[in-house]
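S.K.: What follows is each chain in one-letter form.
Number of protein chains: 2
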Amino acid sequence: MLLCDIGNTSYDFLDGDKNYKESVKTFDPKRVKQKVFYICVNSKLKEILKDLPNWVDISVHVDMKNYYETMGVDRVFACEAVSEGVIVDAGSAVTVDVVKSSTFEGGFIYPGIKMMEQTYKNISPVLDYSFNFELNLDIMPKNSQDAISYGYLKTLYLEVISHGMKIFLTGGDAKKFAQIFPHAKVDEGLIFKGMKKIIKKADLC
Amino acid sequence: MLLCDIGNTSYDFLDGDKNYKESVKTFDPKRVKQKVFYICVNSKLKEILKDLPNWVDISVHVDMKNYYETMGVDRVFACEAVSEGVIVDAGSAVTVDVVKSSTFEGGFIYPGIKMMEQTYKNISPVLDYSFNFELNLDIMPKNSQDAISYGYLKTLYLEVISHGMKIFLTGGDAKKFAQIFPHAKVDEGLIFKGMKKIIKKADLC
Chain H
210 MLLCDIGNTS YDFLDGDKNY KESVKTFDPK RVKQKVFYIC VNSKLKEILK
260 DLPNWVDISV HVDMKNYYET MGVDRVFACE AVSEGVIVDA GSAVTVDVVK
310 SSTFEGGFIY PGIKMMEQTY KNISPVLDYS FNFELNLDIM PKNSQDAISY
360 GYLKTLYLEV ISHGMKIFLT GGDAKKFAQI FPHAKVDEGL IFKGMKKIIK
410 KADLC
Chain U
210 MLLCDIGNTS YDFLDGDKNY KESVKTFDPK RVKQKVFYIC VNSKLKEILK
260 DLPNWVDISV HVDMKNYYET MGVDRVFACE AVSEGVIVDA GSAVTVDVVK
310 SSTFEGGFIY PGIKMMEQTY KNISPVLDYS FNFELNLDIM PKNSQDAISY
360 GYLKTLYLEV ISHGMKIFLT GGDAKKFAQI FPHAKVDEGL IFKGMKKIIK
410 KADLC
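So the sequence lines, in the order shown, correspond to chains H and U. Under this note's numbering, the first residue of the first sequence is numbered 210, with each subsequent residue one higher. Under this note's numbering, the first residue of the second sequence is numbered 210, with each subsequent residue one higher.
For the record, the hints were derived by calculation from the structure and aren't laboratory data. There's no promise every hint is true.
Identical chains blur together in the list; that is why a pair holds if it fits in one copy or across any two.
[Claimed, not checked] Cross-link-like lysine-lysine pairs, in silico, DSSO-like; alpha carbons within 30 Å at most:
#	residue 1	residue 2
1	351	385
2	351	253
3	244	351
4	323	410
5	242	274
6	406	351
7	323	351
8	230	242
9	239	394
10	351	410
11	351	259
12	259	230
13	330	259
14	384	234
15	351	309
Keep in mind the model is a prediction, meaning the values are calculated, not measured.
For reference, chain H alone in the conformation it holds in the complex:
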């Protein structure tokens, strides 16, 4: 079974237990001849894939009544994979979603690492630092790098732990955030898990 999670920059494939990426800019989906179950946040690509009969959009099989219309489909599928917990999906944005008794309770969007580092740099060139993920979040900072790192990380940390639930980390920067959330479960395949669940539920395969 071939799965594909399509973002704004890449096609993320799962073929059995083999994971690989292709660039949205250069990859031609017509090259795939076998059946692909996919989800896609990229509306332009969705139009193209509609006309390819072996590309099957599985997002139509999700019961959307608990989600909201403009919510990214990747967030929806990560939620489908979890019955209870806070899901932190760290990419160009960090999305934080709460699931209780297999029901989406709501969520929020926070900037990803690169975007937020750029923001501080734009505020002032003296704030042009990479974030320090080894920061002790229990101590108020007394230097510029830690002052922005704490501003980015401690604030997010406090919200995420405030739910008192199990934390799931996914997305490209999951391992970095694992330094801040040492008790979290890192699961980079969470979206694929959600996809498999929906495929099974809808009896597609």
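With chain H fixed as given, assemble chain U onto it according to the hints.
M.R.: The following block gives chain U in isolation, referenced to the frame of chain H:
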């Protein structure tokens, strides 16, 4: 007594109880003939003001041992005004500083409203919203505008209240943040208060 707090974009004057601003781009400091006690975060302007004998830099009179070298002088003077509390100075950046028993304990830097709205817009055009300051922070969002507003505000809120101290709001966006921190004391003249305290301590006037 004429006071001036100089930022990167404006000269903020206090003349008795009259407050007015001049643009850094257009204002010529030589036009002021009377004595001005000032602080200045703008290093280029500092060089120019050095040569004007009626412009008196009062930052040299602060005991800097509890602060850190690269800390903005505006933050230092806001801290000097307060003996106990959390100071939230909301401008192009939001700085949050903790003072206990008249001693600076540390602080952090968070992006200001405009910078953060721009960040979300850069992540995706579907996140191009103004923040909703009337958001109920006790409810997890289920729409895009609230998802970014909550991401910006609830995270900051939880850190600021975690200190369990009196909250002082200052800076150009103080009144907006007062909606999130209803028990905070809004004091837009906090930096001037710190300046007056230092002038008195150093017996300059």
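S.K.: Now tell me, hint by hint, if it's right for this structure.
M.R.: Comparing the hints with the structure gives:
In this assembly of identical chains, the alpha carbons of residue 351 and residue 385 lie at most 30 Å apart whether taken from the same copy (23 Å) or from different copies (27 Å). When the C-alpha separation of residue 351 and residue 253 is checked against a cutoff of 30 Å, the pair qualifies only between copies, where the shortest distance is 25 Å, while the shortest distance within a copy is 47 Å. Proximity of residue 244 to residue 351 under the C-alpha cut-off of 30 Å is found in neither arrangement, the shortest distances being 56 Å within a copy and 33 Å between copies. For the identical chains of this complex, residue 323 and residue 410 are neighbours neither inside a copy (37 Å) nor across copies (44 Å), given an alpha-carbon limit of 30 Å.
Neither within a single protomer nor between protomers do residue 242 and residue 274 lie at most 30 Å apart by alpha-carbon distance, with minima of 34 Å and 68 Å respectively. For the homomeric pair residue 406 and residue 351, the shortest alpha-carbon distance between copies (23 Å) is at most 30 Å, but the shortest distance inside one copy (48 Å) is not. Taking the shortest alpha-carbon separations for residue 323 and residue 351, both the intra-copy value of 23 Å and the inter-copy value of 25 Å come in at or below 30 Å. Within a single copy, residue 230 and residue 242 get their C-alpha atoms as close as 17 Å, which meets the 30 Å cut-off; across copies the closest is 66 Å, which misses it.
Taking identical chains as interchangeable, the C-alpha atoms of residue 239 and residue 394 are never at most 30 Å apart, the minima being 36 Å within one chain and 62 Å between chains. When the C-alpha separation of residue 351 and residue 410 is checked against a cutoff of 30 Å, the pair qualifies only between copies, where the shortest distance is 25 Å, while the shortest distance within a copy is 53 Å. Only between protomers do residue 351 and residue 259 lie at most 30 Å apart by alpha-carbon distance; the minimum there is 28 Å, versus 54 Å within a single protomer. Taking identical chains as interchangeable, the C-alpha atoms of residue 259 and residue 230 lie at most 30 Å apart only when both belong to the same chain, with a minimum of 21 Å there against 57 Å between chains.
Within a single copy, residue 330 and residue 259 get their C-alpha atoms only as close as 41 Å, which misses the 30 Å cut-off; across copies the closest is 28 Å, which meets it. Taking CA atoms no more than 30 Å apart as the test, residue 384 paired with residue 234 passes inside one copy only; the shortest distance there is 26 Å, against 45 Å between copies. When the C-alpha separation of residue 351 and residue 309 is checked against a cutoff of 30 Å, the pair qualifies only between copies, where the shortest distance is 15 Å, while the shortest distance within a copy is 39 Å.
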